[in-house]
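Chain residues, written in single-letter form:
Number of protein chains: 2
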Amino acid sequence: MNWKNNPVEKIKDWESELADNHQNFIKAGLKLDLTRGKPAIEQLALADGLDGILQGNYLASDGTDTRNYGGLTGLPEARNLGAEWLGLPQEEVIVSGNSSLSLMYQVLHVGAHYGFGGTPWLQQSTPPEFLAIVPGYDRHFAICEKLGIKMVNIPMKADGPDMEMVETQVRRPQVKGLWCVPKYSNPTGNIYSAEVVDRIARLGNQAASDFRIMWDNAYAVHDHHEDAPELTNLMELCRLHGTQDSVFLIGSTSKVTLAGAGISFLGGSKANIAHFLEEMAYWTIGPDKVNQLRHARLLPDLAATKKHMQKHAEITRPKFELVLKKLEESFRDQEMGSWISPEGGYFVSFDSLPGHAKEIVRLAGEAGVKMTPAGSTFPYGIDPEDKNIRLSPTFPPIEDLSKAMDIFVNCVQLATIRRHLGEQ
Amino acid sequence: MNWKNNPVEKIKDWESELADNHQNFIKAGLKLDLTRGKPAIEQLALADGLDGILQGNYLASDGTDTRNYGGLTGLPEARNLGAEWLGLPQEEVIVSGNSSLSLMYQVLHVGAHYGFGGTPWLQQSTPPEFLAIVPGYDRHFAICEKLGIKMVNIPMKADGPDMEMVETQVRRPQVKGLWCVPKYSNPTGNIYSAEVVDRIARLGNQAASDFRIMWDNAYAVHDHHEDAPELTNLMELCRLHGTQDSVFLIGSTSKVTLAGAGISFLGGSKANIAHFLEEMAYWTIGPDKVNQLRHARLLPDLAATKKHMQKHAEITRPKFELVLKKLEESFRDQEMGSWISPEGGYFVSFDSLPGHAKEIVRLAGEAGVKMTPAGSTFPYGIDPEDKNIRLSPTFPPIEDLSKAMDIFVNCVQLATIRRHLGEQ
Numbered sequence: 001m002n003w004k005n006n007p008v009e010k011i012k013d014w015e016s017e018l019a020d021n022h023q024n025f026i027k028a029g030l031k032l033d034l035t036r037g038k039p040a041i042e043q044l045a046l047a048d049g050l051d052g053i054l055q056g057n058y059l060a061s062d063g064t065d066t067r068n069y070g071g072l073t074g075l076p077e078a079r080n081l082g083a084e085w086l087g088l089p090q091e092e093v094i095v096s097g098n099s100s101l102s103l104m105y106q107v108l109h110v111g112a113h114y115g116f117g118g119t120p121w122l123q124q125s126t127p128p129e130f131l132a133i134v135p136g137y138d139r140h141f142a143i144c145e146k147l148g149i150k151m152v153n154i155p156m157k158a159d160g161p162d163m164e165m166v167e168t169q170v171r172r173p174q175v176k177g178l179w180c181v182p183k184y185s186n187p188t189g190n191i192y193s194a195e196v197v198d199r200i201a202r203l204g205n206q207a208a209s210d211f212r213i214m215w216d217n218a219y220a221v222h223d224h225h226e227d228a229p230e231l232t233n234l235m236e237l238c239r240l241h242g243t244q245d246s247v248f249l250i251g252s253t254s255k256v257t258l259a260g261a262g263i264s265f266l267g268g269s270k271a272n273i274a275h276f277l278e279e280m281a282y283w284t285i286g287p288d289k290v291n292q293l294r295h296a297r298l299l300p301d302l303a304a305t306k307k308h309m310q311k312h313a314e315i316t317r318p319k320f321e322l323v324l325k326k327l328e329e330s331f332r333d334q335e336m337g338s339w340i341s342p343e344g345g346y347f348v349s350f351d352s353l354p355g356h357a358k359e360i361v362r363l364a365g366e367a368g369v370k371m372t373p374a375g376s377t378f379p380y381g382i383d384p385e386d387k388n389i390r391l392s393p394t395f396p397p398i399e400d401l402s403k404a405m406d407i408f409v410n411c412v413q414l415a416t417i418r419r420h421l422g423e424q
Numbered sequence: 001m002n003w004k005n006n007p008v009e010k011i012k013d014w015e016s017e018l019a020d021n022h023q024n025f026i027k028a029g030l031k032l033d034l035t036r037g038k039p040a041i042e043q044l045a046l047a048d049g050l051d052g053i054l055q056g057n058y059l060a061s062d063g064t065d066t067r068n069y070g071g072l073t074g075l076p077e078a079r080n081l082g083a084e085w086l087g088l089p090q091e092e093v094i095v096s097g098n099s100s101l102s103l104m105y106q107v108l109h110v111g112a113h114y115g116f117g118g119t120p121w122l123q124q125s126t127p128p129e130f131l132a133i134v135p136g137y138d139r140h141f142a143i144c145e146k147l148g149i150k151m152v153n154i155p156m157k158a159d160g161p162d163m164e165m166v167e168t169q170v171r172r173p174q175v176k177g178l179w180c181v182p183k184y185s186n187p188t189g190n191i192y193s194a195e196v197v198d199r200i201a202r203l204g205n206q207a208a209s210d211f212r213i214m215w216d217n218a219y220a221v222h223d224h225h226e227d228a229p230e231l232t233n234l235m236e237l238c239r240l241h242g243t244q245d246s247v248f249l250i251g252s253t254s255k256v257t258l259a260g261a262g263i264s265f266l267g268g269s270k271a272n273i274a275h276f277l278e279e280m281a282y283w284t285i286g287p288d289k290v291n292q293l294r295h296a297r298l299l300p301d302l303a304a305t306k307k308h309m310q311k312h313a314e315i316t317r318p319k320f321e322l323v324l325k326k327l328e329e330s331f332r333d334q335e336m337g338s339w340i341s342p343e344g345g346y347f348v349s350f351d352s353l354p355g356h357a358k359e360i361v362r363l364a365g366e367a368g369v370k371m372t373p374a375g376s377t378f379p380y381g382i383d384p385e386d387k388n389i390r391l392s393p394t395f396p397p398i399e400d401l402s403k404a405m406d407i408f409v410n411c412v413q414l415a416t417i418r419r420h421l422g423e424q
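Protein chains in written order, with the working numbering: chain W, 1 to 424; chain R, 1 to 424.
Just chain W, with the same shape it has in the complex:
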């Protein structure tokens, strides 16, 4: 039964019960953290074989001594893995260091300051803009903010971004790009449908010539189940529509091997990759090829990577199941919030009733559960409806996660009921 159908007195009783719980949580002085999408210790340990895997053999398949300088593109075997990951031929992929965020910053700073073939974005007559699918990844948005690229919110729907709005926006020539996490989107966890991917592939024909889709396929192999849905290959469709130059594709092994010490992939058309390599030569002599070789030895191809990811899923799946069970038990048919049940990735996105997210996060903090600040899944930290809250279940041990979710549920209920009573 929906809680609102209860008599006011009963709701008031519930409110004091929730408030008591809340006080008890505060007294318990817990320190739980649901903020960031970090792998758990057990997940990291799955890659402990990396250190020492080389057994003194530092030579790559093409004879490169990985210990010395050079090799801007990355090693052939690492490029092969990136190529399978991103769905591209090897020559359209380069492999870099431990941070795909760095690659993304670099790509956008090239557009902003040096340009993609024409006038740099920041030197054009109209200031550049980017489309931000919301809710989305705060660090994507921060790059735009830092570079002075104005963001326009595009709502996320079940099958991907609102494409009508995207298509209308990209006709304005100052719109220079689009942030996408197409599979297990951060934080909503949904996957772009084949139709949406096809419409995204066509954007290059409607947008400015220096428009670039940032296709951050961070969770390409991060499935909770073996029979996970497939993401449609964007570049194949771009080739069909003649828009290959409109896209950069990104991936990394941060959540496959080691979060701080993985390797990252950048994909794009031959022209885009050639251009980016020219730029890169100004700021590096080459990536850490030794670590790339370690990765290629541990994960020789995508099949091996997917097999490795099954071990991750065994650790993460129960945590997601727990979170979803708690949400389901507490909020099903209760009109206190909504969420999507993701089939992979690192997040559960919870939408409270409008205007409640900040208060819920504040209450949770008080009760010892650190949450991603409300608003941080939106550009400039502003959630216009103040409702989105990102839950990151992977890092804490499952007992801590269970406690944290009990507290979270209590906070959602308390905030919602208090507001309801106040509005009576």
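Quick caveat, the hints were computed from the structure, so don't treat them as lab data.
Check the hints yourself; a few may be wrong.
Unchecked claim - Derived DEER-like restraints, expressed as beta-carbon distance ranges: (1) R:Pro120 to W:Ala19: 46 to 56 Å; (2) W:Ser125 to R:Gly148: 14 to 24 Å; (3) R:Ser16 to W:Gly52: 54 to 64 Å; (4) W:Ser209 to R:Pro384: 20 to 30 Å; (5) R:Pro120 to W:Asn233: 37 to 47 Å; (6) R:Gly148 to W:Lys370: 38 to 48 Å; (7) W:Ser209 to R:Arg171: 41 to 51 Å; (8) W:Ala271 to R:Gly148: 51 to 61 Å; (9) W:Glu278 to R:Lys270: 33 to 43 Å; (10) W:Arg297 to R:Glu366: 34 to 44 Å.
Predicted model only: the values in this text are computed from it and were never measured.
By construction, the Cβ of each residue, glycine as well, lies at the ideal position given by its N, Cα and C atoms.
Knowing the structure of chain W, use the given hints to seat chain R on it.
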């Protein structure tokens, strides 16, 4: 006897002898490379202990799990090594990935686009300039060129840059910095004297408030002999003169452990480091801490690092001795060129007679010896006197180096004599 004192006929005979040699070199079809300062395979092998050194223990001294995200500053133990290297307290040093070039690009791109406390360099009314000590390191100059920072040449003298010229230049407020390789300068191999370091430390009091000295101490421990000269501590003098904010200090283990897979150090005042960390957060979640831990285990402090470098010296010293012996035997009192005998570092800088460098490099290329292009040790690739040639003896096996030097000597002699005869 100086060759010019010979009768013309004898010089002509010598010219044909040299030309014959040259033809024979061409026929031999050698492929030798003296271009870049790369460690030899035997040097790289000295660090083969790195892979596997962790023995499953990924925890840093402060309890950080190095495998996970975070830790922008780098690990405490790696910062300690960087602090000793750069001559700073630990809190004034951060440790990054495999490329100190990336750190230097990042520092300058912050100055250019975001500013050091004031208006970004590129948005000030007068376009920014940098002082380039010449000959110098091509990749330093390329960063300025890329960012649109105009360079002004400052001649290198035996004890460091021409400080009178530097002091005059920095009074112009558009001068925003100075590139220095203070120990075993690239390519000249000399060390800045204590007096020069002191005068550099004072520059911050005469220059614009957003002026930054780029103190690239790349060869801090790269001595050919144990009793190597010490470089004066710049930051201590800056503290004395109140100019701590005018300097960034840089180092890396690229030529200590692995050229492609080392760790890099950035030092500066607390204010400068705090500011840089704020900027860094836009483009990375943190450096590869696992590799930092490997390094700290192999090289727990500077004493261990210096001991490790003695093994390098045993490999590189004979190569430098060979190069210097060949130059000495061929050119002493011959007025065909001059050079400095470095006590460490990676280069021997050879100055031909003015106007000869390009031709010498061209001839060498013809004869199978690839050399750094003439001019590349100067901004914009322009050596105004066309005389400087950088020799990099470390990478080739000593037999190849010996052959390459014979060819080089022959090219210098041939180019010089031909020009002389042509001018008769």
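Next on the checklist: The hint says 54 to 64 Å between Ser16 of chain R and Gly52 of chain W; measuring C-beta to C-beta, is that right?
Outcome noted: Taking Cβ atoms as reference, Ser16 of chain R and Gly52 of chain W lie about 60 Å apart, which means the hint holds.
Next on the checklist: Just to be sure I understand the hint, the distance between the Cβ atoms of Gly148 of chain R and Lys370 of chain W should be within 38 to 48 Å; is that true here?
Outcome noted: At 43 Å between Cβs, range holds.
Item to check | Verdict for Ser209 of chain W, Pro384 of chain R (Cβ pair) under range 20 to 30 Å | outcome: 40 Å, violated
Checklist entry - Measuring from beta carbon to beta carbon, are Ser125 of chain W and Gly148 of chain R in 14 to 24 Å? => result 20 Å, holds
Item to check | Assessment of proposed distance window 33 to 43 Å (beta carbons of Glu278 of chain W, Lys270 of chain R) | outcome: 37 Å, holds
Checklist entry - Could one say that the CB atoms of Pro120 of chain R and Ala19 of chain W fall in the range 46 to 56 Å? => result 51 Å, holds
Next on the checklist: Just to be sure I understand the hint, the distance between the Cβ atoms of Ser209 of chain W and Arg171 of chain R should be within 41 to 51 Å; is that true here?
Outcome noted: 45 Å, holds
Checklist entry - Does the Cβ pair Arg297 of chain W, Glu366 of chain R satisfy 34 to 44 Å? => result Holds, since Arg297 of chain W and Glu366 of chain R (Cβ atoms, about 42 Å apart) stay within the stated range.
Next on the checklist: A range of 51 to 61 Å was offered for this pair. Does it hold for the Cβ distance of Ala271 of chain W and Gly148 of chain R?
Outcome noted: 24 Å, violated
Item to check | C-beta pair Pro120 of chain R, Asn233 of chain W: status relative to the range 37 to 47 Å that was hinted | outcome: Since Pro120 of chain R and Asn233 of chain W have Cβ atoms about 41 Å apart, the given range 37 to 47 Å holds.
In this structure, the earlier hints numbered 4 and 8 are contradicted, and the remaining ones agree with it.
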